Amino acid sequence: MTTAMTCTRLTIYTVAGIFLQVIGLSIFVFGFFPVKPTLSGVSDLESYRDPFCDSAPNPNESELHPEKLRLLYQELSGISSKYDRLILMVIDGLPAEFVLGKDGQPPRKAWKESMPYTQSLLANGDAIGYHAKAAPPTVTMPRLKAMVSGAIGGFLDVAFNFNTQALLDDNLLGQFFRIGWKMVMHGDETWLKLFPGLFMRHDSVSSFFVKDTVQVDRNVSRHLPNELNNDDWNLLILHYLGLDHVGHTGGRNSPLMASKLKEMDDVVRTMHLKATMDHSQDEGQTLLIIVSDHGMTESGNHGGSSYEETDSLMLFIGLGSNISDYAAATNNVAFQVDLAPTLAILFGVPIPKNNVGVLVPGTLDSLRDYEQLRALELNSWQLLRLMQAQLPSSLFGGFSCNCFLYGACEGLGSDINECFGDKEKQLICLFKNAAVLHSIWKSKKLIESSSSMEDFSRALDAYNAFLKTASEWLASKTTEKPVLLLGLGVSAILLSCVVCVTLFLSLFKEVYHEPKDRVCRGSHLLNSEDVFVLAVPLIFVISMGSSSMVEEEHYIWHFMVATFYLLLLFKTAKSFDFSKGMNILRDYKLGSIFSLLISGRLLKGWHQGGVNWTYLPDISKWLEQVGSGYVKRIQLISSFIVISLGLFTLFRTRSKRKIVCVLAFGFTTCGFLILLHAWRYQDDMFEVSTVTAKLIYLLLSISAIGAALALPWSMLNKDKCFLAEAGDCLYLIGSAYTLSWCLLQLLLQQPINSVPILLLLIQILAISGLSSKDSQVNEWVKIAALYYMGMAGHFALGNSNTLATIDVAGAFIGISSHSTILSGILMFMITYASPMLFLLSLVMHIGAYLRNHSHSTISAHRDTNLGEALKLRLGFPCLVPLCINSILLTAYTVVLLLMRNHLFVWSVFSPKYLYVCATTLCTYIGVFVVAVTPKRFIFLLFLVIHAISFLETTLIGNGTCLGDGAALIVTEPANTCRSWFCGGDAVLMVLGD
Amino acid sequence: MEETKKKKKPGTSVGVSGDVSISALGAFFVHLITGLFLAVGFWVARNKYSVDLISDPSFTLRLLWSIEFPLVVIIYSSFRKNPEKCSYSKAVGRSILGLISGAFLNVMGAIALGAPIGMQYLPKTIHWSFLMSVFTFVPATAVYGASWTDWHRVFASMKPSGNIEYMIFIPAYGAMIGGWFGAWPMPLDWERPWQEWPISVSYGAIGGYIVGQTVSLSLITFLRKHKNLKVA
Ligand SMILES: [Zn+2]
Ligand SMILES: [Zn+2]
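Read top to bottom, the protein sequences are chains A and B. First residue of the first sequence? That's 0 in numbering that gives the first Met the number 0, and the numbers climb one at a time after it. First residue of the second sequence? That's 0 in numbering that gives the first Met the number 0, and the numbers climb one at a time after it.
If you're looking for bench data, these hints aren't it; they were derived computationally from the structure. Owing to the predicted nature of the structure, the values given are computational and were not obtained by experimental measurement. For each residue, glycine too, the CB sits at the ideal point set by N, CA and C. Just to be clear, a hint being listed does not mean it is correct.
Straight-line distance between alpha carbons at most 35 Å, and here's what the computed DSBU-like set of lysine-lysine pairs gives [said to hold, decoys possible]:
#1 Lys108(A) <-> Lys210(A)
#2 Lys570(A) <-> Lys158(B)
#3 Lys508(A) <-> Lys224(B)
#4 Lys573(A) <-> Lys84(B)
#5 Lys573(A) <-> Lys47(B)
#6 Lys101(A) <-> Lys111(A)
#7 Lys158(B) <-> Lys657(A)
Pair ranges (Cβ atoms, derived) [what the hints assert, rightly or not]:
#8 Trp612(A) <-> Arg45(B): 24 to 34 Å
#9 Leu31(B) <-> Lys422(A): 31 to 41 Å
#10 Val540(A) <-> Asn46(B): 37 to 47 Å
#11 Ser54(B) <-> Phe395(A): 54 to 64 Å
Whenever a hint applies, use it, and build me the whole structure from the sequences.
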């Protein structure tokens, strides 16, 4: 074989490229996203000593009795702890806005009236609330970790959110456990996964059934009376999930929201009344803290970094500090991580080692002045230790053990100066100022015994200034990136991209530069839509550098795809010739393009995606406003149309195979079940739907896989030409794939998304309507366009580049027991519905291509090797998506690397990168299916041809061309791919003669 | 019907030579005047009504196209094809029709590309599309009328013959491409008032139109020199 590219070689190179890409990607991901915190171990007695002192050995600390340890901590800290019990009530997904209002304004009337007791606490000054800013990703588990450890976790925590593991880093609960606290937890089982074996009693509920808004909370509240009467616990955690579920199902303005808030308010009242009653009876005080792990968007989702999502609540009840008015009680801001050091100080345990939070101002007001300064000092020491681990020790040169106490720090005058210079020097200087002022205050207090108010407030301010700056610095400082790993990953990704592009180019050359082929492909090589299709990845590469373009990526995809349609329209109009009269083919084409344009516009208008303009009206909002009855009706209608369109596609080939009828029957049954499911959806959800959904899964997978396996067998003994027959077959398989995927999505997606699914199916059919025999659009252009349309559809289904838009509710349909993997797969299927649909439809297009070109290509190739040319052409459906994806992946990897210090790296660029990785996975899966289907099919065909030719040559014995085909097969049995085509060619020639 | 059209084709292509032609200098003046009138439109909007494209886009766009449209019609109708068969008033009449149908096509194209639909956008979209139509469709309808072959030759096959055709199709394409590029800043979150539909697109279209005029002028002069050299 003289051609440079053979089937096997192409496959080997492609697989190698993919392999390289996977390796590079995983190296990069693990290098870029910090997984480990900076300091290991837990804070102990050490944390009460000056960080510049040599560590004194504490050999017996671990053997100390918890009670003794507690006393030791208290003695060393010098802060008397007023409280001995803590109730931590976590209301999942409650935005602080609901309780505290926004921008100094009280909360909306509906919310305020739903929580009368909490509001009265705030108004009386018994409670103080904070807008506790949560760091993205605003998902439950990383937020809980942040609250108890004070550390901003690695970004990949999101990825592990469905695979919770025990929290091994230093955290509050571990510290409490060490001093012998007894802990009780009722609520979200995430706590149990984070802290296995730590709770004395627990009753966990699952965040699994997102549609359950009542029972989850009832299961928590039923323990409340008993637990409040018990006095065997020190820490009671109540994690209510219901509000988050209400949000997920109905958004912020869900009709269920008011009653849910009222329910939460009742819980607060019960707890507070009990706590104050206890307080009046005996010595120990109970501190009541109400927090939320994150907020929610207008539509009730969370995960991103918008104000609505990060605005979580931190409400202290019973601090005993005197708050003057409602505004002072509600108009405070803090960070979510600040909870950890605050609780550690209030309850007399060391601050967790990797904490970056600072003491919440206003919570320590009830402490005496020296206690307050000591608390700030402890917090500063802890942050300083964390800084020491990240800064060169030379910066700390002047400091020595307790030198501030004696005014003996080398080279550091005892005067207070303004802090300038780079951030690191500034931090050291701020710390020095605070320490000096603190020691001044201390020495004055010793002498005068009545402390001066001015010195106290100066020291306080200096500490707060240092803490604030240090906390910001630590939070913003991403851990050192392993340069070698990143370089290795990026270069592997780059190399694989080069491999893919080279393969594509050589294939392109092979197919389009063959002299014989020049007749078919027209006079010029590149025309406007070819250039455009090539320019699209470049446009994306350029636009990805801008954070707002990443946020609003859906605009670009739609704009590109619509421009492509317009170019197609222009091209078709160009070939218009009125003199030829009305042409059915041309009208059909025009119809296809117009339906593409219209459906594309409708898809764009369906969901107003993105970040900045989500409030603008769109069709889905409008429909939901009009009423859910309409949504349901529309869902039923569009499901019905999807099924009929699918059946139409199946029967369009006019093949009278039995298997087509079987397939049609299977799909109709599925469609009926889905319609039934949709009908019942709102009335009652669980018991019925699980069985139905499982049945639908089973039927759909049987139909799709069965079609792929059984259809090639039905090709036996057909008197049609082989290529056309094979094309028909592949077309049928492809439509079976497409249809089953569509039906699956109708089941999984939200009801409002059923119309976009229908529109996507229409687009696929319209594009296949464009590929007629005199198709002017090159094959690879069409494939690239399908990929782009898939991405445009991805955003049209309501997805965006923030993690908040992932549809969690659909991921549990048809799963009866908790399975991380299964629901993860479902979630992936829902999110990547559209790209996968378009990739699967490629099988259909290969079929249509084979069928349409069976004659024209052969006439052009009669004397050359038809097999090679055809097969290489079939390489495009695999290579083009891989190529586009690898270009985008490479570009985005580089962009992420360049943007690593950007303000939005964790909120915009990193989530986008996760999406890019998932898209890569989706492309791999799709391409795998596209590559395997014809191959499997070819393999079966090979057997069939072999059998026929064997029979014919032996039984009939006349050496027709069928014999040639067989001889070819015998001589080159290894290359099944080619022998099939050669065989097909041979058969065809016989039939032609 | 089809037969007659087929027969007409050679006739029209012969007619090219008999048409009114325009010199490079004339082309320069035509472009200069149309460009100047755009500037006049902006000036009037600013000084007489004290609005601009940003503060009141629909009014400014209306002003622009209603100033530009008569001028374009007057100029290009005098270059109409087959002047002996087609009177001046007929050319004016068909260019009014061309304005409306071109506006319709522009609206459709813009909406397909994602222009917002809604009552508050309707006047802006309409006036924008009229302006676009003045840039793209009106000169061509004034010159060719509804002759498909001419349209096809000039816009699709890009085989213009004569200076007037360069003057028509390059600025028209320039306006369209400029408008296309003008849509790019719209999704950015700079929160500038000019990012609103259709302000940046109008700026892009006007810029593209002017660039197209310059390109067509330079092509005309370049080609003439080329021809002269050949003749010499
Ligand atoms: Zn949560
Ligand atoms: Zn949630």
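Do the hints match the structure? See the list:
no.	hint	verdict
1	Lys108(A) <-> Lys210(A)	26 Å, holds
2	Lys570(A) <-> Lys158(B)	16 Å, holds
3	Lys508(A) <-> Lys224(B)	39 Å, violated
4	Lys573(A) <-> Lys84(B)	27 Å, holds
5	Lys573(A) <-> Lys47(B)	44 Å, violated
6	Lys101(A) <-> Lys111(A)	12 Å, holds
7	Lys158(B) <-> Lys657(A)	55 Å, violated
8	Trp612(A) <-> Arg45(B): 24 to 34 Å	30 Å, holds
9	Leu31(B) <-> Lys422(A): 31 to 41 Å	58 Å, violated
10	Val540(A) <-> Asn46(B): 37 to 47 Å	44 Å, holds
11	Ser54(B) <-> Phe395(A): 54 to 64 Å	58 Å, holds
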